[in-house]
Amino acid sequence: MVEFIREMRQGLIVRTPVVIVASDFWDDYYQAVMEGVVLSRAPQARIVRFPLQERFNVVAAAWALMCSLDYFPRGSVFLVVVDPGVGTERKPIAMRFGHYFYVGPDNGIPYPLARRVDNNVEIVEIEPRNAISATFHGRDLFAPVAGEIAKKLLVQDPEDILLAEFGNEVSGLKKLEIKRVGLGERGIIVYIDVFGNVITNISGSILEGTHCEVSIGGQSFEMSFHRTFEEGEEKKPFIIKGSCDTFEIVRKQGNAARAFPRIQVGSPIMIEAKS
Amino acid sequence: MVEFIREMRQGLIVRTPVVIVASDFWDDYYQAVMEGVVLSRAPQARIVRFPLQERFNVVAAAWALMCSLDYFPRGSVFLVVVDPGVGTERKPIAMRFGHYFYVGPDNGIPYPLARRVDNNVEIVEIEPRNAISATFHGRDLFAPVAGEIAKKLLVQDPEDILLAEFGNEVSGLKKLEIKRVGLGERGIIVYIDVFGNVITNISGSILEGTHCEVSIGGQSFEMSFHRTFEEGEEKKPFIIKGSCDTFEIVRKQGNAARAFPRIQVGSPIMIEAKS
Amino acid sequence: MVEFIREMRQGLIVRTPVVIVASDFWDDYYQAVMEGVVLSRAPQARIVRFPLQERFNVVAAAWALMCSLDYFPRGSVFLVVVDPGVGTERKPIAMRFGHYFYVGPDNGIPYPLARRVDNNVEIVEIEPRNAISATFHGRDLFAPVAGEIAKKLLVQDPEDILLAEFGNEVSGLKKLEIKRVGLGERGIIVYIDVFGNVITNISGSILEGTHCEVSIGGQSFEMSFHRTFEEGEEKKPFIIKGSCDTFEIVRKQGNAARAFPRIQVGSPIMIEAKS
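Residue numbers (my numbering), protein chains in the order written: chain E, 1 to 275; chain P, 276 to 550; chain A, 551 to 825.
It is worth saying that the hints were derived from the structure and are not from the lab. Some hints could be false.
[Stated by the list, open to error] Straight line, CA to CA, 30 Å or less: simulated DSSO-like cross-link-like pairs of lysine-lysine: (1) K785(A) - K450(P); (2) K252(E) - K179(E); (3) K91(E) - K511(P); (4) K511(P) - K174(E); (5) K252(E) - K725(A); (6) K527(P) - K175(E); (7) K724(A) - K366(P); (8) K527(P) - K454(P); (9) K791(A) - K701(A); (10) K785(A) - K449(P); (11) K236(E) - K641(A); (12) K91(E) - K527(P); (13) K449(P) - K426(P); (14) K701(A) - K151(E); (15) K450(P) - K729(A); (16) K791(A) - K449(P); (17) K786(A) - K449(P); (18) K174(E) - K510(P); (19) K527(P) - K511(P); (20) K449(P) - K725(A); (21) K252(E) - K724(A); (22) K91(E) - K510(P); (23) K791(A) - K366(P); (24) K786(A) - K366(P); (25) K549(P) - K510(P); (26) K252(E) - K701(A); (27) K802(A) - K366(P); (28) K175(E) - K510(P); (29) K151(E) - K454(P).
This structure is a prediction, so every number in the text was calculated from the model and none was measured.
Based on the provided sequences and hints, a complete structural model is requested.
Here it is as structure tokens:
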């Protein structure tokens, strides 16, 4: 009992599941409504807003999540609503992958997340329990399930939570491969962030100051590699190794994406070091 | 006692009041300051940010709140600061309506909220307890009261909370009628969301694929009704039934509002189904 | 024990440290990642997002923080990542100033914060404990320390927390003076907010309706002083006393900054009352 009270005082007992609410409408009140639905079921949850710059873009969303997972605590629930196909045939799912959960459409986004943990995955197709709108499954279908999972996490370990009550098990996921490639290989733009940094899935090792040939949008550009933003040239796009350990085209305190108006997430890109 | 400890362990006892902070400046640090004021008084509160796309617009704010209330838990406190008249004669109020609370200016926004619960409403005019600025009542006048109410909610039921300590009771509210109308009736634009969806207060029943005549901005357009975004035409505005059960003019992965540059929240609109 | 249980029931015991996450990338998922890192270490923390409108701007960030500190509870941790020099020589620091904490780069922002409390300041240079990226110290270096401090705050008073475990003590801070000046003195623009209000560091007392001469961008303009937005002229810039008790150039439900396209944060400005 004394031990228990000490733990209480230290705030170690009351579990606080984290629910990450990722959407492409984080800047409107719809995001708040989903958060309200989660908190109605699990008032102890911690909500983290996960703003996605690209709207309707499953590649960008999947990339952002892949690069972020490891920074969230065990048992985190990712409620992900980037859902241009809302109300149509894509499956609404709840998925446990390792000690994390994904709730959202099966539209490609969950595929690379599940791949990270291989066999330790359980997926169910969510069965609606109540009337749902045709246009806001985030509120009517996904947030309630995310909230229920968060509630279970108050007293259960992530691995012990069964998803069967939310629907029938399904085996496959819609495929969306986002692999890392090397220098000299054909990669793609995977995200364009709020600074205008153009992020690729290309990884590798380049020496500071090395010149590179960057093929993008049907053209080739020479750019230098720099370790940090500060060390780069003024007003010219250059290359850095970004926070997800892949190359990015950036500008010092400026917007690199604007220099390449025709590119977008999904555009092919290749980088070759030239000395 | 054993029961109590079990409940503690399950996190069922520590109440966590939800304070929804709705403003038209959610994208600047002023929003954070209001949240700091609430948490200074009620550190256990859960804050939900409620971003409003339209600035200075009481109709849009009232609509967004009306469509969202039911998704928030009993005892939620809505701290609403859309306040172009800050520092002038509009009354600062705290209001209990049913098992919810509103704290903010009496500028039309609380009227339709109070109407939803009819007689079960208590309103007081907030009396400043300290020096307040002329330009940021959200921080100096409203957030402190929202925080105090949240603190009371830790140990009291919403219905038992008395607002008399914040000021004298007032009876009326500034009128702002936002009624739903039917097909063929004169409605208005009530919100334009972050996707550019143009939301009306018009409700009714239309069959999938039906052609409609939409009168807006002094012109008439023919549009089809579709159940979902995916089922709609490419690059052309069409009509769906939105998440608040009213019609919206939308474009598939595009911005419908930009096709009608002269319309805004408040503009009249009429929709007639032509079969 | 009875007392303890009553306190528990009232939620008074479980401490909930507030971590304010201020960044110039609050509108992208990087912000969420920092919050995940904090919650991984201190799941009981309350996160407040502190959005900064100006990117790469240490003056604007410092001003916003200076005007906000007092509204956050004792023991608040300010995790501040406005960091154009990331990966270069600026020192990463953790600082206790009075009963608050700052974690972020020593790039000028902490200087005016420390000045507010004079001698009651402890500063350490953060020593990395793990591999860190060259471009996202917010995630790899600062958020972990902010989370560790928040965890300590669950059981310790702010004044009792020692920062020595995070690195060696340093004495000085990079200097950034942002002083308030008076009418007729040379001030600067310190922030341009989301409404387009142009905020200065000029304070003083002017009577309602007084005409002023405003020197800005090499030109002089006549503007009137008004107490509130509502009382100002339509469509014309005028002056109010803002929420940080300094003068601002504003427009009624409009964007004043757009009327002065050449000014920016740091631009000199002078205001003289003409009666």
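- Query: Which of the listed hints are not met by the structure?
  - Reply: 7, 9, 15, 20, 26, 29
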